[in-house]
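Protein chains in written order, with the working numbering: chain Z, 1 to 210; chain A, 211 to 281.
Just so you know, the hints here were simulated from the structure itself, not pulled from any lab data.
Mixed in with the good hints, there may be bad ones.
Claimed, not checked - Here are some of the chain A residues that sit facing chain Z, going by a computed Cβ distance under 7 angstroms: (1) ARG235; (2) LEU263; (3) ASN268; (4) LEU272.
C-beta atoms are modelled at their ideal positions from N, C-alpha and C, and glycine is treated no differently.
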Amino acid sequence: MSLFEGYWPAWLGAIALAVVCLGVFLGTGRFLGVAGMLSRLLRPRETERLRALESGLADAETLARAMEEAARAEFGAACDAVPALAERSDAPAARPLPAAVPRPPWIALLVFVLCVALGGLLSAALSGTLSIRWDLGPAYERLLAAGPGAWALLFLGGLLVGFGTQMAGGCTSGHGLSGCSRLQPASLLATACFFGTAVLLSLLLSGLAA
Amino acid sequence: MAAKQCPHSSGCPLFATFQVRSFLRIWQMNYCDATFERCARYQRIIEGKEVPLSLMPNGKELPETGASKKK
Numbered sequence: 001m002s003l004f005e006g007y008w009p010a011w012l013g014a015i016a017l018a019v020v021c022l023g024v025f026l027g028t029g030r031f032l033g034v035a036g037m038l039s040r041l042l043r044p045r046e047t048e049r050l051r052a053l054e055s056g057l058a059d060a061e062t063l064a065r066a067m068e069e070a071a072r073a074e075f076g077a078a079c080d081a082v083p084a085l086a087e088r089s090d091a092p093a094a095r096p097l098p099a100a101v102p103r104p105p106w107i108a109l110l111v112f113v114l115c116v117a118l119g120g121l122l123s124a125a126l127s128g129t130l131s132i133r134w135d136l137g138p139a140y141e142r143l144l145a146a147g148p149g150a151w152a153l154l155f156l157g158g159l160l161v162g163f164g165t166q167m168a169g170g171c172t173s174g175h176g177l178s179g180c181s182r183l184q185p186a187s188l189l190a191t192a193c194f195f196g197t198a199v200l201l202s203l204l205l206s207g208l209a210a
Numbered sequence: 211m212a213a214k215q216c217p218h219s220s221g222c223p224l225f226a227t228f229q230v231r232s233f234l235r236i237w238q239m240n241y242c243d244a245t246f247e248r249c250a251r252y253q254r255i256i257e258g259k260e261v262p263l264s265l266m267p268n269g270k271e272l273p274e275t276g277a278s279k280k281k
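Make a model of the complete structure from these sequences and hints.
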């Protein structure tokens with residue numbers, strides 16, 4: 001059987017996802033999160049405004065100075081009462097200022113999202129399953145709806161997914177790949193919730209469709 | 211009982227800078243280590259919104275610097 005016939009083997013998918021995650025991190029200095037990218041893509045003005053604003057703060061010294069001025073304006077003389085960090089060589093004060101990671105330009109987000117769609121098309125073409133169809137399959141139609149009702153239901157499902165990712169602060173890539181790989185508790189919980197629900201629902205629908 | 215620190219401090223670029231400069235720790239003392247729920251950055255995170263680097267915990271934005279004003 002050819003490697004590209006049907007679904008990819010799980011190990012190959014895992015390697016491909018790891019390469020994408022690492023590639024995005026090495027290329028942009030940020031963790032992969034497709035929902036966040038889509039959200040920024042849909043607000044081009046705001047994305048570019050923040051990028052321009054942050055580019056002026058990209059230098060760690062400039063950022064620290066601006067923050068010191070803001071602290072003086074907010075807390076006044078109380079700033080001088082803050083106990084100094086220890087002067088030991090291993091004290092935090094001896095560490096260099098962390099540099100801010102620049103925001104990718106809007107066009108980079110567009111290219112990424114287009115490549116996600118192209119990747120899906122390429123995968124389907126290589127496995128010989130690429131075709132245009134207007135039905136959602138007999139099992140879907142028997143269990144849920146057919147015709148325009150099926151599409152309306154699919155649209156509603158998409159809306160709920162979008163709502164859920166905004167509410168959870170991430171999607172399968174942000175929480176599932178980037179967050180879980182860093183053992184972030186919120187991501188582990190979010191992934192357990194959405195994957196657990198998906199597996200349960202899938203088993204239920206398979207059982208009903210059988 | 212020790213005060214709870216902001217759960218998002220590890221990923222916050224401003225918190226990382228508070229750790230390095232003594233003068234900036236006043237932000238940490240007043241927000242991250244104490245009442246982080248009133249931090250504007252924290253509030254945006256839990257609302258699922260993007261958090262600009264220039265947004266300070268008190269909700270004010272850092273002024274534009276020369277580099278960002280050119281354009």
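### Task
Against the earlier hints, flag every one the structure doesn't satisfy and list their numbers going up.
none
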